[in-house]
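J.: All chains, please: the whole structure from these sequences, using the hints.
Chain residues, written in single-letter form:
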Amino acid sequence: QKEVEQNSGPLSVPEGAIASLNCTYSDRGSQSFFWYRQYSGKSPELIMFIYSNGDKEDGRFTAQLNKASQYVSLLIRDSQPSDSATYLCAVNFRNQFYFGTGTSLTVIP
Amino acid sequence: DVKVTQSSRYLVKRTGEKVFLECVQDMDHENMFWYRQDPGLGLRLIYFSYDVKMKEKGDIPEGYSVSREKKERFSLILESASTNQTSMYLCASRSRVLIGNTIYFGEGSWLTVV
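For the record, the sequence lines run as chains A and B. Going by my numbering, the first sequence opens with residue 378, and the numbers climb by one from there. Going by my numbering, the second sequence opens with residue 143, and the numbers climb by one from there.
Each hint should be verified, as a subset may be incorrect.
[Stated by the list, open to error] Below are the SDA-like pairs computed for lysine to any residue, each with C-alpha atoms no more than 20 Å apart in a straight line:
#1 B:145 / A:416
#2 A:433 / B:244
#3 A:419 / B:166
#4 A:419 / B:145
#5 B:160 / B:221
#6 B:199 / A:472
#7 A:419 / B:187
#8 B:145 / A:471
#9 A:419 / B:154
#10 B:145 / A:433
#11 A:419 / B:249
#12 B:197 / A:471
To be clear, the hints were calculated from the coordinates, so they are not data collected in a lab. Quick caveat, the model's predicted, so the values are computed rather than measured.
T.: As structure tokens, then:
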């Protein structure tokens, strides 16, 4: 069983702050890593993916990957109330996606 | 634009009924998946298919079966619905293996078994 662990939260941050979401995974053979956002009652939608060690930036979002420590994180800069959602980490291992249970984020106006 | 369509969004079925959940994708993707999502348990893989007429069990296949007769369509079948199958079901598809290829989800089917 592949393990993908996330702190379930809830995580609360004030508007304009940086939100930091973390994810650890158990299998060193994992190849690529994805962050999804899921609004209540909706399906997950892709934010970004990363497969090389280091940082990858896309607008207000930065994904960070450290394969040696087996963790991946998502930073959301200038958090907005519209960022309030559950964030799912997914790990691709041998063409299978394994999901964490998600972190609930609330951005307080 | 990527499109995964789940035709039944909200269903209420009786215990013991046979239930069909249909999923169609228009992206010519080889891989298709069925997940269920429950509070606190996250997304759990029920079945997946790498290509037409191929199917593989996921983590929780018991009580479910699937059918993939055409590339664009992947059906989930609950042979005899039970109350513990009340859940949100998500269909997803993905192109063949490339390291950055993501999964695209349908909008979900909310099933209540009474």
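J.: Look at each hint and say if it fits the structure.
T.: Hint check:
Simply put, residue 145 of chain B and residue 416 of chain A have alpha-carbon atoms about 18 Å apart, close enough for the 20 Å limit, and the pair holds. Proposed proximity of residue 433 of chain A and residue 244 of chain B is supported: the alpha carbons are some 16 Å apart, at most 20 Å. Among the hinted pairs, residue 419 of chain A with residue 166 of chain B is consistent with the structure: their alpha-carbon atoms are about 18 Å apart, no more than 20 Å. Of the supplied pair hints, the one linking residue 419 of chain A and residue 145 of chain B holds, its CA atoms being roughly 15 Å apart against a limit of 20 Å.
Simply put, residue 160 of chain B and residue 221 of chain B have alpha-carbon atoms about 5 Å apart, close enough for the 20 Å limit, and the pair holds. For a cut-off of 20 Å, the pair hint linking residue 199 of chain B to residue 472 of chain A stands: about 14 Å separates their Cα positions. Between residue 419 of chain A and residue 187 of chain B the alpha-carbon distance is near 18 Å, which keeps this suggested pair within the 20 Å criterion. Note on residue 145 of chain B and residue 471 of chain A: the hinted pairing is violated, with a Cα-Cα distance of about 24 Å set against a maximum of 20 Å.
Proximity of residue 419 of chain A to residue 154 of chain B is assessed by CA-CA distance (about 19 Å); at most 20 Å being required, the pair is judged to hold. For the given pair, residue 145 of chain B sits about 26 Å from residue 433 of chain A by alpha-carbon distance, which is inconsistent with the 20 Å threshold. For the given pair, residue 419 of chain A sits about 6 Å from residue 249 of chain B by alpha-carbon distance, which is consistent with the 20 Å threshold. Distance hint between residue 197 of chain B and residue 471 of chain A is fulfilled; the C-alpha atoms sit about 16 Å from each other, no more than 20 Å.
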